[in-house]
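Q: Given next are the chains, with one letter for each unit.
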Amino acid sequence: MTDATSSQVPAATPAPARSSLLTQSALMKKRNAAEARFKAYGVAAICVSLSVLAIMLWTIFSDGVSAFKQASLTFPVTLDADALDPKGNRDRAEMMRVTTIGYTKLLNAQLLAHLETRGISTEGVTDKDVAAFISRDTPARLRDMVLESPELLGQTITVSGFATGRIDGYLKGRVTRDTAALDTNISVAQLDLADRMQDEGILTTKFNWGFLTNPDASDQRPEAAGLGVALIGSAYMMALVVVMVLPLGVAASIYLEEFAPRNRWTDLIEVNISNLAAVPSIVYGILGLAIFINFAKFPQSSPLVGALVLTLMTLPTIIIATRAAIRAVPPSIRDAALGVGASKMQTVFHHVLPLAAPGILTGTILGLASALGETAPLLLIGMVAFVANYPAGPLDGGVLDPATALPVQVYSWASRSDPAFIERSAGAIIVLLAFLVTMNIIAIILRRRFERRW
Amino acid sequence: MYDAPNLETRVTQTNTKITARGVQVFYGEKQALQDVDVDILDNTVTAFIGPSGCGKSTFLRCLNRMNDTISNARVEGEILLDGENIYDKRVDPVQLRAKVGMVFQKPNPFPKSIYDNVAYGPKIHGLTRSKAELDEIVESSLRKAALWKEVKDRLGEPGTGLSGGQQQRLCIARAVATAPEVLLMDEPCSALDPIATAQVEELIDELRASFSVVIVTHSMQQAARVSQKTAFFHLGNLVEYGDTSHIFTNPSDPRTESYITGRIG
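Going line by line, the protein sequences match chains A and B. Under this note's numbering, the first residue of the first sequence carries the number 1, and numbering increases by one thereafter. Under this note's numbering, the first residue of the second sequence carries the number 1001, and numbering increases by one thereafter.
Since the hints were derived computationally from the structure, they do not count as laboratory data. All of these numbers come straight from a predicted model, not from anything done at the bench. Where is the CB? At the ideal position from N, CA and C, for every residue including glycine. A portion of the hints provided could be inaccurate.
[What the hints assert, rightly or not] Interface residues of chain A toward chain B, partial, derived using beta-carbon atoms under 10 Å:
(1) A181
(2) P330
(3) H351
Modelling step: build the complete structure from the supplied sequences, incorporating the hints.
A: Set out below in structure tokens:
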């Protein structure tokens, strides 16, 4: 570049042959070309990342949206008092003796009877094949319902329960006649029957609230699996993380930024905080396992331990963000406060902290968002578990009950064999993304809202 | 410019407010100020002049111990305020700053309402017992700062929304509200336009009635206009200190003469 210019300068000085502004010099052309190339690189980089993002979102949504819909069977069931309450005294303990098997038999018989009355031919399928339409989840639910309100016995009620995963997959297009021919769990004749039942309105697809509220379910009934426990677990953890990380992070940042003397010790602490922010999250998992579970004997798989580990993991990030926010407050504000005789602490709490608050909140929310999506440390403290029972309420020690978390649920469903779980895994990713996007939007709104004040 | 008719330039006071003896300031290893001896009078405007980096702001910040906030700054010697050494171990700098108010180079109102800006000092020092008293202090401080007429109808609006000159007068009102005895001003007009500067200068002359005012300035004309006493600093030394009229007409040190005639600076 310098060679090019120096060759031009002496040429221009002796002879005042003025070049026209209307023609571009060779050097100018080269410079413009370099600029155009650089812009093209930038546009190309953005296009590549956007298309990868688009592909990722498209795969997740095309796989996952169907998890929010579920095939269900709706048919009338006469609750036979003789079968479900053999002693006839409506005594709960006696009725408990009838297991779900009893209810399964009843439901199977009633479905067959209903098909017959509606004139739906069951040609080519056995009674057992028809019974295989009903999810194992349905008799269990019906039993709970009857035990809850025994006065239903003898009445005819309309039961609406899940269809099994393969039938559900057929309605969503995951299972086809070609795959059914190779599948021992379902036959082509069953699919024909499913078509006939769908025409008659017995088999329908509904929005599946159960996906958000149900606990996890075993491999045999993927249709019943939901995110209920994972959502509660994640909510408990996030609440605990906020409660622990915010006071710790803000106090540490204020001390380091405003009060601490600059010496070897604070330099050491500073370097360590930066390093801790870069430590792989799984290391925090090992730390949590060693300290909180093996040493402190906290229950494993519990949201409390998860929250403690995530707090340790998020703390450096929050401290760095908070210190940056505090440092961004102009020193003239501190001078002004000290100049009118405010003490150091009054200066910090009356003037610096309110001005740094939007930055602190943004940093905290972004830290929480990363903690919400964190999987690796939770693997080590036993949160990748099959948890079929809801944890207790937050005031009843629910944070000590076993629970899972959203990202962990994604992981554990993705490793199950039944393809119905893959769909649910993608569905769980959608829920997780929805939470992350919401949190980021809140962070942006807070930043905009409070920044306007100065 | 030198003969502004409305401003009093004669020294009328003899009461010493601040006495500095052998003040030395170090920033780490570097000495910023050497052996400064000054007597600052009550009800007088004292101007510190000198080229950039000569130590005039450093000395000003010694007077209310704002240098304490700089971690490697060290002050030696004594500074007596009404006969008490402000660098005594028993002195709390926070308490000192309530007596020695400060106005900074750049207007720095708090990003709060005009009212809260002025009321903040009295509130934290517990100068008032009721809202009515506080209202009174706010009004009288804004009147002293010649700002009351302009802002009395919009006390709830943010102080940062005022013009530069108004902001600086708001900062003066804020400093005055804590009822200080000395008012330090660190180049209070350097960020202001000529009209706002004239307003602030007039105000400084009025403030002389109630406070001892110390002002650091780059502008020799300003020093000549507003002050009765002038101290000339050069390279960390107090070169000359005396009546403003004397310094500007008949300086005894050749360095002072060079500076005021524009040969060094």
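Q: Now tell me, hint by hint, if it's right for this structure.
A: Quick rundown of the hints versus the structure:
no.	hint	result
1	A181	violated (73 Å)
2	P330	holds (8 Å)
3	H351	holds (6 Å)
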